[in-house]
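2 protein chains.
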Amino acid sequence: MKLDDTYFMKLALKEAEKAEIQDEVPVGAIVVVDQRVIARAHNLTEKLNDVTAHAEMQAITSAANFLNGKYLVGCTLYVTLEPCVMCAGALIWSQLDRLVYACKDSKRGFQQAAIKLHPKTKITSGVMEADSKKMLQDFFLKKRK
Amino acid sequence: MKLDDTYFMKLALKEAEKAEIQDEVPVGAIVVVDQRVIARAHNLTEKLNDVTAHAEMQAITSAANFLNGKYLVGCTLYVTLEPCVMCAGALIWSQLDRLVYACKDSKRGFQQAAIKLHPKTKITSGVMEADSKKMLQDFFLKKRK
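Same order as they appear, the protein sequences are chains P and L.
First residue of the first sequence? That's 1 in our numbering, and the numbers climb one at a time after it.
First residue of the second sequence? That's 1001 in our numbering, and the numbers climb one at a time after it.
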């Protein structure tokens, strides 16, 4: 049975939940190659005091470590929020096959900044969008209280 | 005596030399606060098999660790090559005071991609430009042989 984008995005959302529990902005990412998860990560910017500790950055590093090569050939990265400029820049360098994200980031998203990924990287968006959006909205609502 | 941009860029070039010795694209970066160097790093993408291991990314992480805070308040980052989109994205998040770079990157530089840093970050370029350019050109010339 071929596992679909919804299946893998649910795993990324599980990663986002791990961030949420630690009071981090709930964003999660996984990297998949040939239907197999080779990296999982969640946002850790507060815990690590490090703006570079986005879920995608850690997932890219972890996947490259697994593959023992810096190019993410044949890989799909699933992330619960549209990547920012930094993460998009890392994705460009990684030359991955596919990026799938759940909901748009209208303020910080790379597509708003008109960044283009590597020509060979295909993009799909909107997978489990409502679930990711709700998790983020609930998080910021709680923060404002 | 106030140490100037040339002094600090020479230290960044020393970092770039460390990369060159390890057969990495020679780019070095340092972070300075109140005339004091708080982070030094050089490109390690090949050694670590990691596209995110640019000199700037490591310097940002290291400086934040030193400051015990993710915002690089009062900091200047000196880097021998114009940052790429990824590194510029990280610099945006870091909200540092000042970026000083030596030579332009006409292919991969963030200014070519029309990325704007945080409004409070001042940019200076061209410090020790010829030295950095020569180091990079010599490296790629040797690679092509």
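Worth double-checking, as some hints may not be accurate.
[As the list claims (entries may be wrong)] Quick look at which bits of chain L chain P covers, simulated, 3 or more residues with Cβ under 8 angstroms:
no., segment
1, 1040-1051
2, 1090-1100
3, 1128-1142
[As the list claims (entries may be wrong)] On the chain P side, residues computed to face chain L include the following (Cβ under 10 angstroms):
no., residue
4, Met1
5, Leu3
6, Thr6
7, Tyr7
8, Thr45
9, Asn49
10, Met57
11, Tyr71
12, Val73
13, Gly89
14, Arg98
15, Ser106
16, Ile123
17, Gly126
[Said to hold, decoys possible] FRET-style restraints, in silico, Cβ to Cβ:
no., chain 1, residue 1, chain 2, residue 2, range
18, L, Leu1003, P, Lys10, 35 to 41 angstroms
19, L, Lys1047, P, Lys10, 22 to 28 angstroms
20, P, Thr124, L, Lys1107, 25 to 31 angstroms
21, L, Gln1022, P, Ala114, 33 to 39 angstroms
Think of the hints as simulated: they come from the structure by calculation, not from any bench.
C-beta: ideal position from N, C-alpha, C; glycine also.
Exercise. Is the shortest C-beta separation between Val73 (chain P) and chain L less than 10 angstroms?
Worked result: At about 13 angstroms, which exceeds the 10 angstroms cut-off, the nearest Cβ of chain L leaves the hint on Val73 (chain P) violated.
For this session: With a cut-off of 10 angstroms on the beta carbons, see whether Tyr71 (chain P) makes it to chain L.
Result: holds, 8 angstroms
Exercise. Honestly, do Gln1022 (chain L) and Ala114 (chain P) meet the 33 to 39 angstroms range at C-beta?
Worked result: holds, 35 angstroms
Exercise. Quick check: the segment 1040-1051 of chain L, covered by chain P? Criterion 3+ residues, Cβ under 8 angstroms.
Worked result: holds (count 5)
For this session: May I ask you to test the interface hint for Met57 (chain P) with respect to chain L, counting a Cβ-Cβ separation under 10 angstroms as satisfied?
Result: Holds - the Cβ of Met57 (chain P) comes within 10 angstroms of chain L, reaching about 6 angstroms at its closest.
For this session: Could you see if the CB distance from Lys1047 (chain L) to Lys10 (chain P) stays within 22 to 28 angstroms?
Result: Since the Cβ atoms of Lys1047 (chain L) and Lys10 (chain P) sit about 36 angstroms apart, the hinted range of 22 to 28 angstroms is violated.
Problem set entry | Thr124 (chain P) versus Lys1107 (chain L) beta-carbon gap, inside 25 to 31 angstroms or not | holds, 28 angstroms
For this session: Have a go at the Tyr7 (chain P) hint: is there a Cβ in chain L nearer than 10 angstroms to its own Cβ?
Result: For Tyr7 (chain P), the interface hint is violated, since the closest Cβ of chain L sits about 27 angstroms away, which is over 10 angstroms.
For this session: Would you check whether Met1 (chain P) satisfies its interface hint, that is, whether its CB is within less than 10 angstroms of any CB in chain L?
Result: Hint on Met1 (chain P): violated, closest Cβ of chain L at ~33 angstroms, above 10 angstroms.
For this session: Have a go at the Thr45 (chain P) hint: is there a Cβ in chain L nearer than 10 angstroms to its own Cβ?
Result: Since the shortest Cβ distance to chain L is 6 angstroms, the answer is holds.
Exercise. Does Asn49 (chain P) pass the interface check with chain L, least Cβ-Cβ distance below 10 angstroms?
Worked result: With Cβ-Cβ at 5 angstroms, under 10 angstroms, it holds.
Exercise. Would you say the segment 1090-1100 of chain L counts as covered by chain P, given the rule of at least 3 residues with C-beta under 8 angstroms?
Worked result: holds (count 4)
In this structure, the hints that do not hold are numbers 3, 4, 5, 6, 7, 12, 14, 15, 16, 17, 18 and 19, in rising order.
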